[in-house]
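In case you want the letters, here they are:
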Amino acid sequence: MMFVEPRAVTRWYHEWLAVLVALILTLLTASVLLAAIGLDPLSSLHRIFIKPLNSVYGISELLAKATPLITIGVALALGFRAGVWNIGAEGQLVMGGLCGGAVALAFWGIDGFWVMPLVLLGGTVGGLLWGAIPAFLKVRFNANEILVSLMLTYVAILLLSVMVHGPLRDPDGFNFPESRLFHDAATLPKLFSAGRGHLGFVFAIAFAIVGTWVVKRWHLGFEMRVTGLSASAAKFAGYSRDRTVWMALLIGGAISGFAGVVEVTGNIGQLVPTISPSYGFTAIIVAFLARLHPLAVIPAGLLVALSYLAGEAAQLSLGVPAASTQVFQGLLLFFLLGTSLFVNYRVRLGRVA
Amino acid sequence: MDYSLLSSILHAILVASTPLVFAGLGALIQERAGVLNLGIEGLMIVGALAGFATALAGYPLLVSVIAAALAGSALAAIFALLVLRLYANPVATGLALTLFGLGLSALAGAQYVGQAAPQVSVWTIPLLSQLPVVGHALFSHDPLVYLSILMAALLWWFLKKTRAGLILRAVGENHASAHSLGFSVMGIRFLAIAAGGALAGIGGSYLTLVQTPLFVEGMTAGRGWIALALVVFASWRPFRVIAGAYLFGSVTILQLHSQAFGISIPAQWLSMLPYLVTIMALVMISARGEKGLAAPGSLGKIFRVSR
Chain Y
1 MMFVEPRAVT RWYHEWLAVL VALILTLLTA SVLLAAIGLD PLSSLHRIFI
51 KPLNSVYGIS ELLAKATPLI TIGVALALGF RAGVWNIGAE GQLVMGGLCG
101 GAVALAFWGI DGFWVMPLVL LGGTVGGLLW GAIPAFLKVR FNANEILVSL
151 MLTYVAILLL SVMVHGPLRD PDGFNFPESR LFHDAATLPK LFSAGRGHLG
201 FVFAIAFAIV GTWVVKRWHL GFEMRVTGLS ASAAKFAGYS RDRTVWMALL
251 IGGAISGFAG VVEVTGNIGQ LVPTISPSYG FTAIIVAFLA RLHPLAVIPA
301 GLLVALSYLA GEAAQLSLGV PAASTQVFQG LLLFFLLGTS LFVNYRVRLG
351 RVA
Chain E
1 MDYSLLSSIL HAILVASTPL VFAGLGALIQ ERAGVLNLGI EGLMIVGALA
51 GFATALAGYP LLVSVIAAAL AGSALAAIFA LLVLRLYANP VATGLALTLF
101 GLGLSALAGA QYVGQAAPQV SVWTIPLLSQ LPVVGHALFS HDPLVYLSIL
151 MAALLWWFLK KTRAGLILRA VGENHASAHS LGFSVMGIRF LAIAAGGALA
201 GIGGSYLTLV QTPLFVEGMT AGRGWIALAL VVFASWRPFR VIAGAYLFGS
251 VTILQLHSQA FGISIPAQWL SMLPYLVTIM ALVMISARGE KGLAAPGSLG
301 KIFRVSR
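Here the protein sequences come in this chain order: Y and E.
Each step along the first sequence adds one to the number in the working numbering, with nothing skipped, and position 192 is 192.
Each step along the second sequence adds one to the number in the working numbering, with nothing skipped, and position 81 is 81.
FYI, nobody ran anything at the bench for these hints, they're computed from the structure.
Heads up, some of the hints might be wrong.
[Claimed, not checked] To spell it out: a stretch of chain Y is covered by chain E in this simulated footprint if at least three of its residues, at any positions, have a beta carbon under 8 Å from a beta carbon of chain E; those stretches are: (1) 145-151; (2) 160-167; (3) 245-253; (4) 313-323; (5) 341-349.
[Claimed, not checked] From the derived model, a few chain E residues whose C-beta atoms are all more than 10 Å from chain Y: (6) Leu5; (7) Val122; (8) Thr124; (9) Pro126; (10) Ile149; (11) Leu214; (12) Ser235; (13) Trp269; (14) Ser271; (15) Gly297.
Where is the CB? At the ideal position from N, CA and C, for every residue including glycine.
The following block holds chain Y by itself, in its conformation from the complex (with noise of 0.2 Å):
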């Protein structure tokens, strides 16, 4: 029999080698499958996930996926840290997308330096207040935040959808539901002369290097890194749960609506009904990948845009859907989840006494 012990202290090299370990096993799982629907492995490997990169354009797009992934991977690490299941980041990111949308459009057509940072602020407040919500009925009423930020993304995605075919629909647009398109002064420049690449992306980078000196140098994140692990260790040390549940909600909800609003306006250019292919969920994805350390978010935010080019990539070349992107998504997390294990424990062989 196998028992396992957990260990004293976790080596940062046994982290890096779990996620190592994940990755290899997820490629050759991947392999396995290809070859299963009669696909050479090898070659159709290079043709998803290495061609893509081949060029400005193929660079250009894996910034514009990785932007809220890295943006809301950042909120979400912080988040996790300290034991708040915050799973609702993609309604934030609606309600930013949302927000800031409706400032952009309330000022149309107006120029001036402070119409880009206002428009910015509407996302961020947006999504603030949304992830204010389940933090308010977690502390007032111990009403379960998993459950009441995931119905809440649901009641975010048809609120955008009743707004795009309503109010804030294009008046000259045929009465498709999408709004208008966004004027300069409330667009995000692009970083390339090709792709979707755009300044989003440097704030991402940003909010990765504020979100690792928070977690290693304030106090703040020392508290809720405390909460998360020992929740009497911190009740011990005076530290008020109630505040961590409100910050780590309050600040997820805050990144993740200008993840939204920064989706909008340097992305899409315009309020459409689907603002987000889930990058709320899959920021739940590389915040594991990233092991909750906000600087390797960086990395793990790439890799997993880099599989949302793979699946559009095997969708054009090898005819597959592009929902095989989340096989490859789901793969990488069971098996980083899994290696986890030799991570926090030391596994031995014999009988538990």
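Could you slot chain E onto chain Y? The hints should help.
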């Protein structure tokens, strides 16, 4: 009010609610054993595909439903392995299960898109189905509708009246005590997860075998998450899961018929209702914190035998 319209609306509500009843019971049995499985959505859609593929291959309804149950159990076994043996975080593992199930079913189901499952025969209950208004609405359904109610009754009887059910509840309430009494926490949780996976798989198959009857990728459309909310709404009681599921089904169907009732607000506002009702129910149940209404004591906590 036109009685035939009322009757057909009632009939449609039962059809819309049945997948939620199965999936809700599947989540419930796991949660009573202390396992929080956020992968219900993935289990449902894999069951939906397995049942559909079996029916298209020409097998009868019973075989299709068993195939869906087995597919759900098989996928749930991955979750069980990770959570029970490898002590993985259950929240993240459940999420991975949902992603994996949605992706796998889309990948394997691409070949079935556009085909239709054979019609399922209706079991009309003699005499009762002759009743005015409710006769057709309640007693003239496919066998799975009756099975869902039977399952709730069975689960209630199992949890409340049998020794095995008592042990399962003990594991869910306090796994350390159950372990020290000599019960196998791992074994019981594994069985609960497998059974829950089977029920969620059957719930998914109802969509492809009866409700639509087609397969489209991502067709569970969040029902797995609603099932999880239902269990909280039902305060972990099987019969209340039925009540909750029918409430949700009613809102879904009424929203489709809202214009017939002269309600002229955008459909999206009504679509929000089930989610808002869930949040309100969750808040009310959590706020009261009464004994017997609360969650199982060990729900979602990792159990590890220490040396």
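Establish whether the coverage given for the region 160-167 of chain Y by chain E is satisfied; the threshold is a Cβ-Cβ distance below 8 Å, and no fewer than three residues must meet it. holds (count 4)
Over 10 Å to the closest beta carbon of chain Y is the bar; see if Pro126(E) clears it. holds (42 Å)
Taking 10 Å as the cut and beta carbons as the points, is Trp269(E) off the interface with chain Y? violated (7 Å)
According to a criterion of three or more residues whose C-beta lies within less than 8 Å of a C-beta of chain E, is the region 341-349 of chain Y covered? holds (count 3)
If I take the minimum Cβ distance from Val122(E) to any residue of chain Y, is it greater than 10 Å? Holds: least Cβ distance 32 Å, greater than 10 Å.
Status of the stated non-contact between Ser235(E) and chain Y (beta carbon gap over 10 Å): holds (13 Å)
Are three or more residues of the region 313-323 of chain Y within 8 Å, CB to CB, of chain E? holds (count 3)
Decide, holds or violated, for the assertion that all CB atoms of chain Y are farther than 10 Å from the CB of Leu5(E). At about 26 Å from chain Y, Leu5(E) clears the 10 Å cut-off, so the statement holds.
For Ile149(E), is the shortest beta carbon distance to chain Y beyond 10 Å? With a cut-off of 10 Å, Ile149(E) remains clear of chain Y, as the shortest Cβ separation is near 25 Å.
Given coverage of the region 145-151 of chain Y by chain E, checked by CB-CB distance under 8 Å (3 or more): The restraint on the region 145-151 of chain Y holds, since 5 of its residues have a Cβ under 8 Å from chain E and three suffice.
Check the non-interface label on Leu214(E): least C-beta distance to chain Y beyond 10 Å or not. Consistent with the label, Leu214(E) stays out of reach of chain Y, its closest Cβ about 16 Å off (over 10 Å).
Would Gly297(E) pass as off the interface with chain Y, using Cβ distances and a cut of 10 Å? Non-interface label stands for Gly297(E): nearest chain Y Cβ at 15 Å, farther than 10 Å.
The structure fails to meet hints 3, 13, 14 from the earlier list, while all remaining hints are met.
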